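Given chain A, work out where chain B should sit, using these hints.
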Amino acid sequence: MFQTIAFYLFSAVMLVAAFMVIASRNPVHSVLFLILAFFNAAGLFVLTGAEFLAMILVVVYVGAVAVLFLFVVMMLDVDFVELKKGALSYLPTGGLLGLALLTELVIVAGVWRMAPASHAALQSATPAGLSNTQALGRILYTDYIYYFQIAGLVLLVAMIGAIVLTLRHRPGVRRQSIPVQNARTPEMAMELVDAKPGEGA
Amino acid sequence: MSIQNDLYVLLPELILAVGAMALLLVGAVRGDKSAGTLTMLSVVLIAASAYVTMVTGDGGAFHGAFVMDSFARFTKAVILWSSAACVLMAHQFFSLEKSERFELPVLIVLASLGMSLMVSANNFIALYMGLELQSLALYVLAAFNRESVRSSEAGLKYFVLGSLSSGMMLYGISMIYGFTGTLDFQGVAHVIVQNGVSIGLIFGLVFLLAGLAFKISAVPFHMWTPDVYEGSPTPITAFLATASKVASLALVLRAVVVPFPGAIHQWQQIIIVISAASMALGAFAAIGQSNIKRLMAYSSIGHMGYALLGLAAGTQAGLRGVLFYLAFYSLTNIGVFACIQAMRRGGKPVENISDLAGLARTRPALAFAFMAMMLSLSGLPPLAGILAKAFIFLAALEAHLYVLAVFGVLTSVVGAYYYLRIVKVMYFDEPAEPFDRDMGWAVGAIATIATVFTVAFVLRIDLLMNYAGTAAQALLK
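Heads up: the protein sequence lines correspond to chains A and B, in order. Quick note: the first sequence uses the working numbering, first residue 1, plus one each step. Quick note: the second sequence uses the working numbering, first residue 1, plus one each step.
Same shape as in the complex, but just chain A (with noise of 0.2 Å):
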């Protein structure tokens, strides 16, 4: 019962953000409001069991990516409002086509059968006596090694990728240089001027 109501709960909550993502004016709000769709989500993958997702939602998209938005909305001067202008005038085109792929995968999912193996696994979704995120754990880096370390590579790829896109080393920029910081001597800092009186320096 309980988790019926949350459910609901976090669908529509969910939803109802979604749509205010695309609908709303100000670009901060929909940030805002993708954040409250990151959390609601967070809070269905809590109702399946599966809270180390949950975290991992909350932690990476909250944290990192929503942040990130926040800052491109911010220091960048992107005229959104120019950018949204047309973005509902599509709504009746790209709600067609939504609706024509919507019919296709009520097909789809019409044909559905739940294999007799699938009803043990969802009903210890764990081994028992681990929690969630121990099991995950310990097929990521022992069976799954293989695509985590090519997952690492692919990020290594992005991090070279932004660097070599973006890094410009410009000419006569004044950069911090410890060393000379740490080297400097009363003498090359100050200069004695015998100030005579009634003149300046």
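The hints are simulated quantities; they were obtained by calculation from the structure and are not laboratory data. Only a predicted model underlies this, so the values are computations on that prediction, with no experimental measurement involved. Hints may contain errors.
To be verified - Stretches of chain A that chain B covers, calculated by requiring three or more beta carbons in the stretch to come under 8 Å of a beta carbon on chain B:
| no. | stretch |
| --- | --- |
| 1 | 135–147 |
| 2 | 160–171 |
Unchecked claim - Ranges between beta-carbon positions, derived for each pair:
| no. | chain 1 | residue 1 | chain 2 | residue 2 | range |
| --- | --- | --- | --- | --- | --- |
| 3 | B | GLN316 | A | ALA128 | 47 to 57 Å |
| 4 | B | TYR8 | A | PHE7 | 45 to 55 Å |
| 5 | B | GLU153 | A | TYR90 | 19 to 29 Å |
| 6 | B | ARG437 | A | ARG170 | 27 to 37 Å |
Stated by the list, open to error - Derived contacts from chain B toward chain A, CB cut-off under 7 Å, selection only:
| no. | residue |
| --- | --- |
| 7 | ALA65 |
| 8 | SER99 |
| 9 | GLU103 |
| 10 | ILE125 |
| 11 | MET129 |
| 12 | LEU136 |
| 13 | VAL140 |
| 14 | GLY181 |
| 15 | GLY200 |
| 16 | PHE203 |
Just so you know, even glycine gets a beta-carbon here, dropped at the ideal spot from N, CA and C.
Then chain B, alone, in the frame of chain A:
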């Protein structure tokens, strides 16, 4: 199934991965002036990886996620050769432009690593991970020339559309998983044998093929190709047109033939339509082009159509034809792009077909190389192209795809027009201002190798045919 055994099977890829990271460290310490050294080292890495690929035996690793067989070996040889050539060409290109960056060889090595993982992928997650590693590196490479607006546009376009296609493919994979309960290629094949083909599985297959067709730029997912090919720096275009295409098409072969032998009637229809549309578009859309890189983009769309014709046949002879075609296609295209890279006037690259006017009188050797490769691509005897096409058409005829085979012959006649037009411009038009003499040793060497291969290919055809045959056998037992 110890980890030592797994790592041993994975050795060629480990060489590339660890090597790329070592090169990155060297580059980070020594800066952009080490670009020349890193280029040479990355060629050594690629060669070492290719050598180890050739000498290690068959085997699987990581619970069947990675497989090394004759098919992987054959395609990796083609991919790594193209990568090595592109690293050298790219170094030459950017050193003439005076904007060398040490990240360039590292990114090409990482992209080659992604391609190697792709052709060895034996389940859908491994497939996706390899593909993303490759694609991400290629997006960055396409936008590598930061000063050029067209290069940035190419990178951005490629990235947005590429991500969309990855999303579609992932969606298809999730459906396949949902309706079979396994991600393993053999596992999916097994489930289809037992339970038959459900409608959900067909949906998954369609989404999967849509995503993969984008990567090989087959019609109707080809829109990005001309813009990206035109905007990217020439050696990167060469990389996209050869290594990336070979790896993606090899991936299509494995991801269709191994898991879905039970659904051959379903995917055959899709491949036939894609193949016919690509052949037609490649032939007709290239006619009006004035930029040589755009022309090569349409040419590559057409060639993917011919290669898919072999897959549509669905037989071992067809697959052998596709592999043979890929080897011919990538060797010849590398040569063509080396020639395009040699088109420089007053220290700036030029890309129009009219710039080639009278090349035979100002630079006879370059014009000859260009002509040999154009004739080979058009499929005129006695060069490599006619044989590659002949094997494909014969396989299609054997599989009773008469209409499609005749259609393929007709479109290649249309296609011959624009290849021959370039030859005509080079040999019969009034000479334009000559190109710069200094095109660099690597470009010259690669163009020479490609020309020799194109001309002398018919002499040792049995050798390549044998390799392609074994590779096809490994896939379709």
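*Hint check: is the beta carbon of ILE125/B less than 7 Å from a beta carbon of chain A?*
Constraint on ILE125/B satisfied, holds at 6 Å.
*Kindly confirm whether 27 to 37 Å is satisfied by the beta carbon distance between ARG437/B and ARG170/A.*
Since ARG437/B and ARG170/A have Cβ atoms about 36 Å apart, the given range 27 to 37 Å holds.
*Verify the coverage statement for the stretch 135–147 of chain A against chain B, using a C-beta to C-beta distance below 8 Å and requiring 3 or more qualifying residues.*
holds (count 4)
_Quick check: does the Cβ-Cβ distance between GLN316/B and ALA128/A fall within 47 to 57 Å?_
holds (49 Å)
*Per the CB criterion, is GLY200/B less than 7 Å away from chain A?*
Since the shortest Cβ distance to chain A is 5 Å, the answer is holds.
*Minimum Cβ distance from ALA65/B to chain A below 7 Å?*
Interface hint status for ALA65/B: holds (5 Å vs cutoff 7 Å).
*If you take the shortest Cβ to Cβ gap from GLU103/B to chain A, is it below 7 Å?*
Holds, because the Cβ-Cβ distance from GLU103/B to chain A comes to roughly 5 Å (cut-off 7 Å).
*Hinted contact GLY181/B with chain A - closest CB pair below 7 Å*: holds (6 Å)
*asked:* Tell me if the interface restraint on PHE203/B is satisfied: Cβ within less than 7 Å of some Cβ in chain A.
replied: holds (5 Å)
*Could you check if MET129/B really has its C-beta closer than 7 Å to a C-beta on chain A?*
The hint holds - MET129/B has a Cβ within 7 Å of chain A, the shortest such distance being about 4 Å.
*For the hint on VAL140/B, just tell me whether its beta-carbon gets within less than 7 Å of chain A.*
It holds, given that the least Cβ distance between VAL140/B and chain A is near 4 Å, below 7 Å.
*Counting residues of the stretch 160–171 of chain A with a beta carbon closer than 8 Å to any beta carbon of chain B, are there 3 or more?*
holds (count 5)
This entry does not satisfy hint 8, going by the numbered hints stated previously; all others are met.
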